[in-house]
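Peer 1: Okay, here's what each chain looks like letter by letter:
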Amino acid sequence: MMYSKKVIENFTHPMNVGELKNPDGVGKVGNPVCGDVMEIHIKVENNRIKDIKFKTFGCASAIATSSMITQLAKGKTLDEARKITKADVAKELEGLPKLKMHCSNLAEEALNAAIDNYENKSKQSFVRHECHGCNKKCEKRK
Amino acid sequence: MPEEIIFTSGGTESNNFAIKSTAFSNREKNHIITSKVEHDCVLNSCRWLESQGFKVTYVGVDEFGAVNPLDVKKAITKKTCLVTIMHANNEVGTINNISEIGKICKENGVYFHSDACQSYTKVPIDIKEMNINLLTINSHKIHGPKGVGALFIKKGTKIKAWQSGGSHEFNLRAGTENVSGIIGFAKAVQISNKKNVEYLTKLRDYTIKKIQENINDIKLNGAIGSDRLCNNVNFSFKGIEGEGILLMLSEKRIMVSTGSACSSTSLEASHVLLAMGLKHEIAHGSIRFSFSKYNTIKEIDYLIKVLKPIIAKLRAMSPLYSSDKK
Ligand SMILES: Cc1ncc(COP(=O)(O)O)c(C=O)c1O
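Read top to bottom, the protein sequences are chains A and B.
In terms of the numbering used here, the first sequence is residues 7 to 148.
In terms of the numbering used here, the second sequence is residues 37 to 362.
Among the hints, erroneous ones may be present.
As the list claims (entries may be wrong) - In the DSS-like style, the derived pairs of lysine-lysine whose C-alpha atoms are separated by at most 30 Å in a straight line are:
1) B:K329 x A:K97
2) B:K344 x A:K27
3) B:K329 x B:K341
4) B:K246 x B:K341
These are computed hints drawn from the structure, not numbers from a lab.
Input sequences plus hints: build the corresponding full structure.
Peer 2: As structure tokens, then:
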């Protein structure tokens, strides 16, 4: 698996790892069966993401995309943050291997789930994926 | 006897040849038995035979990765022409009771092939006593050159050449032999030594003990003690994914492999670990450490020293590990 320097950098020295004490929004997506789960915590002030942290179970690219999307989202308004796409994340990481594109998809979804959670303030959202677009057949197989 | 040894380009070719050609040379029968934990070259040969109208039974394994010979016995029918069960598994190092499987095959008049790439020169193999008709071995697993292997074919086994061409290798494997590779292979066999097995067993047990002493929430995958290859250690580290461990170890100049889906091209977790009944998330967190006689205890100490903080770092990042603890 060939990763860009930027992916390796964000994997070995990820930014914004951890949890927030009293998060305003939490988004968790993925499925442990597939091998990736991402959890993003946000702190919101004046409609801006003041602080953001993540925790990720997954491969190097899942960790790198989490690190990258938290850096991109930090300081942005909620509307701006919602506009960050998986393509932006992949571009900032100087590309992802084709098989790993679903990781950036997951990052985008986790961030949006955290914002949804803040805006609805209903229950903490955990979007447990049936299958998030990768070609793993693990779920279907059973 | 020399004419019972056919040199090939490696384990993959030997396995393809043994399985496909035995099936096609015994067309009055149409059934093959194998296991769920074989190397891909065996599994894919069997799947290909299915596409050609043959029937294949894939027997399961126990939690340690071993085939129960009785399962093989139960699967045999009048139509069975071949049983192909590996001697030792390449991912978890579990050694199968091929003596018993060979006996069952003999009693039922079925050919027995075993893929011994992993065990050759490490675990005793007695062709006669084990009732083996076909045996695959290769060179690069024993420090020989890459791209060379052999297939033992017991005299009298009904099998035809698989590839078409000249009369090389007693009319069984056409194509000019890789002579330099074969000489290197032979030399590697000569150099192999029982002392290395004892040494590797020490390294293996030391590694297992040290990892167990230093890291929590782990699972040793595969058999314990003498049912395990001397050079194989395989652990799952709960709550994290293997590819991250692999890359971080690689940064520290330690090369390992993982059963995680993420580092495979198919994005699927190891079929071996899943067949052993591991949960997907545990299979994703598996790492295989394999040793050679050139490794040292000092290197194992270095491994433990760097592994511990890597596991801690990745677990601190994992939403599954903290929720495990709650
Ligand atoms: C058990 C087993 N069978 C077959 C093979 C394939 O052998 P080769 O790489 O020589 O084709 C390997 C590893 O390479 C193996 O570990």
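Peer 1: Please go over all the hints and tell whether each is borne out by the structure.
Peer 2: Hints, one by one, checked against the model:
1. B:K329 x A:K97: 45 Å, violated
2. B:K344 x A:K27: Cα-Cα ~27 Å, so holds.
3. B:K329 x B:K341: Holds, at about 21 Å.
4. B:K246 x B:K341: Holds, at about 10 Å.
Hint 1 from the list above is the single one not met by this structure.
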